[in-house]
Amino acid sequence: MAELIYYCGTMDSGKSTLALQTVHNHRSRGREGVIFTSKDRAGKGIISSRLGLQAEALEVDVDLDLHKLLVERLSIGGRIDFVICDEAQFYQPEQIEQLARIVDGLGIDVYAFGILADFRTKLFPGSARLVELADRVQTLQVEALCWCGARATHNARTINGQMVTEGEQVVVGDVSSNAVIAYEVLCRRHHMRKVTSRISNPASEQSLPFNN
Numbered sequence: 001m002a003e004l005i006y007y008c009g010t011m012d013s014g015k016s017t018l019a020l021q022t023v024h025n026h027r028s029r030g031r032e033g034v035i036f037t038s039k040d041r042a043g044k045g046i047i048s049s050r051l052g053l054q055a056e057a058l059e060v061d062v063d064l065d066l067h068k069l070l071v072e073r074l075s076i077g078g079r080i081d082f083v084i085c086d087e088a089q090f091y092q093p094e095q096i097e098q099l100a101r102i103v104d105g106l107g108i109d110v111y112a113f114g115i116l117a118d119f120r121t122k123l124f125p126g127s128a129r130l131v132e133l134a135d136r137v138q139t140l141q142v143e144a145l146c147w148c149g150a151r152a153t154h155n156a157r158t159i160n161g162q163m164v165t166e167g168e169q170v171v172v173g174d175v176s177s178n179a180v181i182a183y184e185v186l187c188r189r190h191h192m193r194k195v196t197s198r199i200s201n202p203a204s205e206q207s208l209p210f211n212n
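In terms of the working numbering, the sequence shown has 106 at position 106, counting the first letter as 1, and numbering is strictly consecutive.
Mixed in with the good hints there might be a few duds.
Derived pair list, reagent style DSS-like, types lysine-lysine, alpha-carbon separation capped at 27 Å [what the hints assert, rightly or not]:
hint, residue 1, residue 2
1, K39, K68
2, K44, K68
3, K39, K122
4, K122, K194
5, K122, K44
Because the hints were derived from the structure by calculation, they are not lab data.
Sequences are here, hints too, so could you generate the full structure?
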């Protein structure tokens, strides 16, 4: 039976790399699929990996009906054996429900890849709905690391080098510390203390207040 599978992790855990590898694996066996993405850092309609790999994809705007699009393709004789959904945290909850309908009604496997929580440690609406509906939710085995060497579990946003915990949920940035808006993965301890790699040193960390 077809399944809806959600592969999730923090930034730098290889989500897009795995999505591209999954596409390659299926296509190398002669299978045809549809690839979706949303707000990729490389631009509209692209899946890109920080390892330098990329592929063309269909951009998921807020009003795109994923189920309808696939039904229309199938109705004119198209073949769809699998669906890849990268950056699935940015999809609307209704679009996640459409993915479930693709699995249950059309019998097509859907592989979704994304981030569970934002820089405020709040679940993205798309990710929350995936957790509720997916047949399987799998945490990526490649663990991103905090600057301290511990397993990174949280995504931090910085503006001009300072970590922030308020603002719009979706703001596309970079992982470069030189960018005005940047992102960094941290362990829970350093995320809650707002200790990023830029301001970290053992002597000053002890005097920082613990933020609840």
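Here is how each hint holds up against the structure:
1. K39 x K68: holds (21 Å)
2. K44 x K68: Since the Cα atoms of K44 and K68 sit roughly 21 Å apart, the hinted pair holds (cutoff 27 Å).
3. K39 x K122: Distance of about 19 Å is within 27 Å: holds.
4. K122 x K194: Distance ~16 Å between K122 and K194 Cα, so the pair holds.
5. K122 x K44: Measuring from Cα to Cα gives roughly 25 Å; hence the hint holds.
When held up to the earlier numbered hints, the structure conflicts with none and fits them all.
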